[in-house]
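Q: Single-letter residue listing:
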Amino acid sequence: DVKVTQSSRYLVKRTGEKVFLECVQDMDHENMFWYRQDPGLGLRLIYFSYDVKMKEKGDIPEGYSVSREKKERFSLILESASTNQTSMYLCASTTGGETQYFGPGTRLLVL
Amino acid sequence: EDQVTQSPEALRLQEGESSSLNCSYTVSGLRGLFWYRQDPGKGPEFLFTLYSAGEEKEKERLKATLTKKESFLHITAPKPEDSATYLCAVQSYTGTASKLTFGTGTRLQVTL
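If you're matching them up, the sequences are chains A and B in order.
Residue 65 in this note's numbering is what sits at position 65 of the first sequence, and the numbering runs on without skipping anything.
One rule links them: number in this note's numbering = place in the second sequence (from 1) + 1000.
Only chain B is shown next, with the shape it has when bound in the complex (with noise of 0.2 Å):
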C-alpha cells in the first residue's frame, strides 16, 4: 500500500526566511510525486510533477526536488501570499495507472 507523510504539519515563517517542506513515501514503483498549492476553502491548484530522482522542477519562489524516498520543497524568501497548504501525492504502477495517494499536507504561514 502507498503511503505518503510529510512534515512538518505546520510551518510559521518570516517574510524572507527560507525553509523546506519535506514528503517522505513508499510506493511499490513511482510513476509520479505531485505537489499542490491549497487555499482555505478552495480545492487544491497544481504545481509540480517529478518522475524520477534526481529531477527538479522550479516555479518563482518554489522549487520541488526529488529523491528515492523523499520530495523536499523549497521556498526560499518566501512572501505573506504563499501562505496556504502544501500537499503531496505520489502514483504508483500497481493498480489503476490514475490513482493518487495524498499526504495530509503542510500548513505553512508566512509572517510580516
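Bound conformation, chain A alone (with noise of 0.2 Å):
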C-alpha cells in the first residue's frame, strides 16, 4: 500500500512566523503535489515536484515556497505566516501521471 504521511496533524502559528510542513512518500514516486482545501474552493494546487529539486508553480503559489532535496520528502515552507493562509494542506503523491495518492492533511491555524 502506498503510504504517504504529513508531519502534523494539527498547527498553531502566529502571524509573520514561518512555518515548515513536511511530507514523506515511501513508494518511490516521482511527482508529489501540495494542494490547500477550504470550505467552498474545493482543493487548489500550489506547487508540485516532478523530481528531486525540480519544482513547478500551482494555481495558487503566492506567500508559499517548497523544497525537495530528497525523492521521498517535499517540504511546502510559508515564509510568512498570515491568517488566509489558515487551510487544509494536504499532499499527495504519484508515479507517472497516474493516481495521486493523499495523506492525511495538516490543518493550520494561522492566528
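Watch out, some of these pointers could steer you wrong.
To be verified - The calculated label-pair distances, taken between Cβ atoms and stated as ranges, are:
| hint | chain 1 | residue 1 | chain 2 | residue 2 | range |
| --- | --- | --- | --- | --- | --- |
| 1 | B | Ala1077 | A | Pro104 | 24 to 32 Å |
| 2 | B | Ala1077 | A | Thr83 | 42 to 50 Å |
| 3 | B | Tyr1093 | A | Gly63 | 24 to 32 Å |
| 4 | B | Leu1112 | A | Glu79 | 25 to 33 Å |
| 5 | A | Lys13 | B | Ser1018 | 42 to 50 Å |
Claimed, not checked - Below 30 Å or equal to it, Euclidean Cα-Cα: the simulated DSS-like pairs (lysine-lysine) are:
| hint | chain 1 | residue 1 | chain 2 | residue 2 |
| --- | --- | --- | --- | --- |
| 6 | A | Lys3 | B | Lys1063 |
| 7 | B | Lys1063 | B | Lys1042 |
| 8 | A | Lys3 | A | Lys53 |
| 9 | A | Lys3 | A | Lys13 |
| 10 | A | Lys18 | A | Lys71 |
| 11 | B | Lys1079 | A | Lys3 |
| 12 | A | Lys57 | A | Lys18 |
| 13 | A | Lys18 | A | Lys70 |
| 14 | A | Lys53 | B | Lys1042 |
| 15 | B | Lys1069 | B | Lys1079 |
| 16 | B | Lys1042 | A | Lys55 |
| 17 | B | Lys1069 | B | Lys1059 |
| 18 | A | Lys71 | B | Lys1042 |
| 19 | B | Lys1069 | A | Lys57 |
| 20 | B | Lys1042 | A | Lys3 |
| 21 | B | Lys1042 | A | Lys18 |
| 22 | A | Lys3 | B | Lys1059 |
| 23 | A | Lys3 | B | Lys1057 |
| 24 | B | Lys1063 | B | Lys1079 |
| 25 | A | Lys57 | A | Lys13 |
| 26 | A | Lys3 | A | Lys57 |
| 27 | B | Lys1042 | A | Lys57 |
| 28 | A | Lys13 | A | Lys53 |
| 29 | B | Lys1057 | B | Lys1069 |
| 30 | A | Lys18 | A | Lys55 |
| 31 | A | Lys55 | A | Lys71 |
| 32 | A | Lys13 | B | Lys1042 |
| 33 | B | Lys1042 | A | Lys70 |
Claimed, not checked - Where chain B lies over chain A, by a calculated footprint (3+ residues, C-beta under 8 Å):
| hint | region |
| --- | --- |
| 34 | 36-42 |
| 35 | 45-58 |
| 36 | 98-110 |
None of these hints come from the bench; they were simulated from the model.
On a predicted model such as this, the values are computed, not experimentally measured, just so you know.
All C-beta atoms, glycine included, are put in the ideal place defined by N, C-alpha and C.
Taking the hints as your guide, dock the two standalone chains into a single complex.
A: Here is the structure:
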C-alpha cells in the first residue's frame, strides 16, 4: 500500500512566523504535490515537484515556497504566515501521471 | 482551462435509498477522471479512475460511469458508513500531465 505521511495533523502559528510542513512518501514516486483545501473552493494546487530539486508553480503559489532535496520528501514553506493561510494542507504523490495518493492532511491555524 | 462542477453540493439519503452524484467537466483533452472519497478531517481516498466514454467501474455499493461531458457516481442501497464527501477530478493532456483539477465535492449523508 502507498503511504503518504505528513509531519503534523494540527498546527497553530502566529502571524509572521515561518512555517514548515513536511510530507514523506514511501513508494519511490517521482511526482509530489501540495494542495490547500478550503470550504466552497475545493482543492487548489500550490506547488508540485516532478523530480528532486525540480519544482513548478501551481495555481496559487503566492506566499509559499517548496523544497525537495530527497525523492521521498517534499516540504511546503510559508515564508511569513498570514491569517488567510489558515487552511487544510494536503500532500499527494504519484508516479507517471497516474493516481494521486494523499496524506492525512495538516490543519493549520494562523492567529 | 479545465473545469469541474459537482452536483448536488449536499445530499441526504436514507439507508437503502439509491441515488447518483454528478460530475460535469470541460477539458481540452481528457486523460483521466478520478473519484475520491474524503472523510471529515482526513485526506482524500482514491476510489476510481475512468479513461474513456462508456467506461464503468464498480466497488461494493459504488459504480462510476463516464460520458464525454460528465461522470456519475451511483450509490446503490447506501449504508451510514458511506457518508462522506465525494470528490471528482480531471486530468488533461495539456500542460503538465500529472496535474488534477478538482470539483468542490458532494457531501453525502446517509441516515438510518
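Q: Give a verdict on every hint.
A: Here is what the structure says about each hint:
1. Ala1077(B) to Pro104(A): 24 to 32 Å: Given about 29 Å between the Cβ atoms, the range holds.
2. Ala1077(B) to Thr83(A): 42 to 50 Å: 45 Å, holds
3. Tyr1093(B) to Gly63(A): 24 to 32 Å: Holds: the Cβ-Cβ distance is about 30 Å, inside 24 to 32 Å.
4. Leu1112(B) to Glu79(A): 25 to 33 Å: 49 Å, violated
5. Lys13(A) to Ser1018(B): 42 to 50 Å: 45 Å, holds
6. Lys3(A) to Lys1063(B): Holds. Lys3(A) to Lys1063(B) sits at ~25 Å (cutoff 30 Å).
7. Lys1063(B) to Lys1042(B): 23 Å, holds
8. Lys3(A) to Lys53(A): 22 Å, holds
9. Lys3(A) to Lys13(A): Holds, at roughly 27 Å.
10. Lys18(A) to Lys71(A): 23 Å, holds
11. Lys1079(B) to Lys3(A): Distance ~27 Å between Lys1079(B) and Lys3(A) Cα, so the pair holds.
12. Lys57(A) to Lys18(A): This hinted pair holds, its Cα atoms lying about 20 Å apart.
13. Lys18(A) to Lys70(A): Roughly 21 Å between the alpha carbons, so the hint for Lys18(A) and Lys70(A) holds.
14. Lys53(A) to Lys1042(B): Holds: Lys53(A) and Lys1042(B) sit about 28 Å apart, inside 30 Å.
15. Lys1069(B) to Lys1079(B): 29 Å, holds
16. Lys1042(B) to Lys55(A): Judged against 30 Å, a Cα distance of about 26 Å means the pair holds.
17. Lys1069(B) to Lys1059(B): 23 Å, holds
18. Lys71(A) to Lys1042(B): 24 Å, holds
19. Lys1069(B) to Lys57(A): 28 Å, holds
20. Lys1042(B) to Lys3(A): 14 Å, holds
21. Lys1042(B) to Lys18(A): 24 Å, holds
22. Lys3(A) to Lys1059(B): At roughly 21 Å apart (the allowed maximum being 30 Å), Lys1059(B) and Lys3(A) satisfy the hint.
23. Lys3(A) to Lys1057(B): 24 Å, holds
24. Lys1063(B) to Lys1079(B): OK: Lys1063(B) and Lys1079(B) at ~15 Å, within 30 Å.
25. Lys57(A) to Lys13(A): 24 Å, holds
26. Lys3(A) to Lys57(A): 24 Å, holds
27. Lys1042(B) to Lys57(A): 25 Å, holds
28. Lys13(A) to Lys53(A): 27 Å, holds
29. Lys1057(B) to Lys1069(B): Holds - the C-alpha atoms of Lys1069(B) and Lys1057(B) are around 17 Å apart, at most 30 Å.
30. Lys18(A) to Lys55(A): With Cα atoms ~20 Å apart, Lys18(A) and Lys55(A) stay inside 30 Å; holds.
31. Lys55(A) to Lys71(A): 12 Å, holds
32. Lys13(A) to Lys1042(B): With Cα atoms ~21 Å apart, Lys13(A) and Lys1042(B) stay inside 30 Å; holds.
33. Lys1042(B) to Lys70(A): 25 Å, holds
34. 36-42: holds (count 3)
35. 45-58: holds (count 5)
36. 98-110: n = 9 at 8 Å, threshold three: holds.
The structure is inconsistent with hint 4 alone, although it conforms to all the rest.
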